[in-house]
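A.B. asks: Chains A and B are the protein sequences, given in the same order.
Counting from 3, one number per residue, gives the positions in the first sequence under this note's numbering.
Counting from 2, one number per residue, gives the positions in the second sequence under this note's numbering.
Calculated from the structure, these hints are not laboratory results.
Just so you know, not all the hints are guaranteed correct.
To be verified - Computed spacing ranges between beta-carbons, pair by pair:
(1) A:PRO19 with B:LEU83: 53 to 63 angstroms
(2) A:LEU272 with B:ARG70: 28 to 38 angstroms
(3) B:ARG215 with A:LEU268: 26 to 36 angstroms
(4) B:PRO143 with A:LEU268: 32 to 42 angstroms
(5) B:THR231 with A:LEU82: 34 to 44 angstroms
(6) A:PRO246 with B:LEU83: 50 to 60 angstroms
(7) A:ARG253 with B:ASP34: 28 to 38 angstroms
(8) A:GLY53 with B:ARG28: 26 to 36 angstroms
(9) B:GLU267 with A:MET23: 54 to 64 angstroms
Computed from a predicted structure; not experimentally measured.
Virtual Cβ for every residue (Gly too), placed ideally from N, Cα, C.
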Amino acid sequence: MATVSHIPTDQGFLARPLLAMVRWIAELGDLVMDWVIGVGNISVFSLQTFGWMCARLPRRETLIPAFYQIGVLSLPVVALTGTFIGMVLVEQSYVQFRNLHLEAKLGAVINLSLVRELGPVLAATMLAGRVGSAMAAELGTMRVTEQIDALTTMGANPIHYLVVPRFLGCLLLIPALTIMADFMGVVGAMFYAVMLRGIDFHHYLENSQHFVGYFDMFAGVFKSLFFGAAIALIACYRGFHCDPGAEGVGRAATAAFVYSFVMILLLDLLLGIALNGVYFSLWPEAPKLF
Amino acid sequence: MVSASSETRDPQRPLVQLEGVGIDFGRQPVLRDINLAIPQGQTLAIIGESGCGKTVLLKTIIGLLRPVRGTVHFDGRDLAKLGERELTRQRIRFGFLFQQAALFDSMTISQNVAFPLRQHTRKTTEEIRQVILARLAEVGLPEDILAKKPAELSGGMRKRVGLARALALEPEIILYDEPTTGLDPIMSDVINELILSTRRQHPVTSIVVTHDMRTAQKVADRVMMLYPVTRLRPDEPQILYDGPPDHIERAADSRVSQFVRGEAGERLMEMRQHNGR
């Protein structure tokens, strides 16, 4: 920022350490200011998105391509990764559980991990990587090539036309992707445990049913709504505020994924704590593994 | 016409009026104290070297950028005081041809030209198709490009599609941002002719931002030259020339004649000194 360049440089030998400290403080101040401005900008951007979403729904011809891109095209990759994660969990946990002669309890631990944590986080990560980056790059290119300005000059609000359909797509379809990741993870884990590790199907299933309740599934899907909203808002904001040129578009796409991923993990922690609080206040006598 | 047109407008009142407009990018002033009145029906060419704020001025006139100082009035309305809905109603009285045409990549040519019609009119699909064909014919483009994507067209064709899209709602004022930049001399002249024929066929006011003197002298009945704020003294006006195109070569200010003749003068030396070489 410009404040740094205003600090005089020729202050003599004794003033140099002081000058260096002042410069460091100025740079820190600039960083804090940039951060505060960034948070303010994305908050305004989010409020505008909510405002336009409530004002009127986008047209069908903008919603359907966004939903297809976000939901339908993400399903195979989410299903595939869900399956492998389920199988890997069994592979990594099996030996320890067998040493304790508790391999039949694997279903409880793995399915609980899948529906409460891994399913939603995995679906959200795939969405951020596959769709979030692409949205940031697409909107960034539209910004750089003045297509967003063109929308405005033709009397179409860019947030209503471009952001709201993507936001709704991420918000409404991420639960479906999460359920798909959960389901394929559960199926993959069961297949690996029963068919390849020889765990008794009946006990595996019984433990799973006993420990995984409706609240666990609700918790995973509920969290995913926040992940979907965060991915859409961060990706669209990054695209809208893209720096000029190909480098700017690339940076916007990368930043969209990195910030989304960090936000997913942060939200996961905060929502996990909140939902656990709700769970234990509703059911103080939760089922115990041992 | 779909727009909220000027039912009872005073013919003496300028269609566009800027008073004391200033715009800064960060701490860098780009426009300083711009005063400008454009009467209805006039074709104004805004010339000046790259980075002098021509495009910024154009975007300020349509409300894409908000001035930090001064006011922009369109047809008597202060753009800064308009709500979102009213601003949209005023914006669709404009047509804007962007420097790189700014066609929507994801749409076909037909969908691009139809876009403003679908947004702001209740025309049927067939009526929209007729308008698209009429506009494309006006800019000399064949029907067989309708299903193509913008990436499949040449630069000149994209510019002409951009013009067809800008004309779709029969605007009262058209803003051209560097309409001939990046085109060969023949295609540049085709665009110049299109600007003239548009003016003949529609009673429009036009603002053409360009650094091509041939365009300015051919299409405009008034030329205004902007100069970069960073190269001006604090007391100097940013508009160095404002008058008829045929007088510009006799302008008293040597910076104007230097631009018109396209002479570098001492500029390269200054740049080297500025960069410390």
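A.B. asks: Broken hints, numbered, in rising order?
C.D. replies: 2, 3, 4, 5, 6, 9
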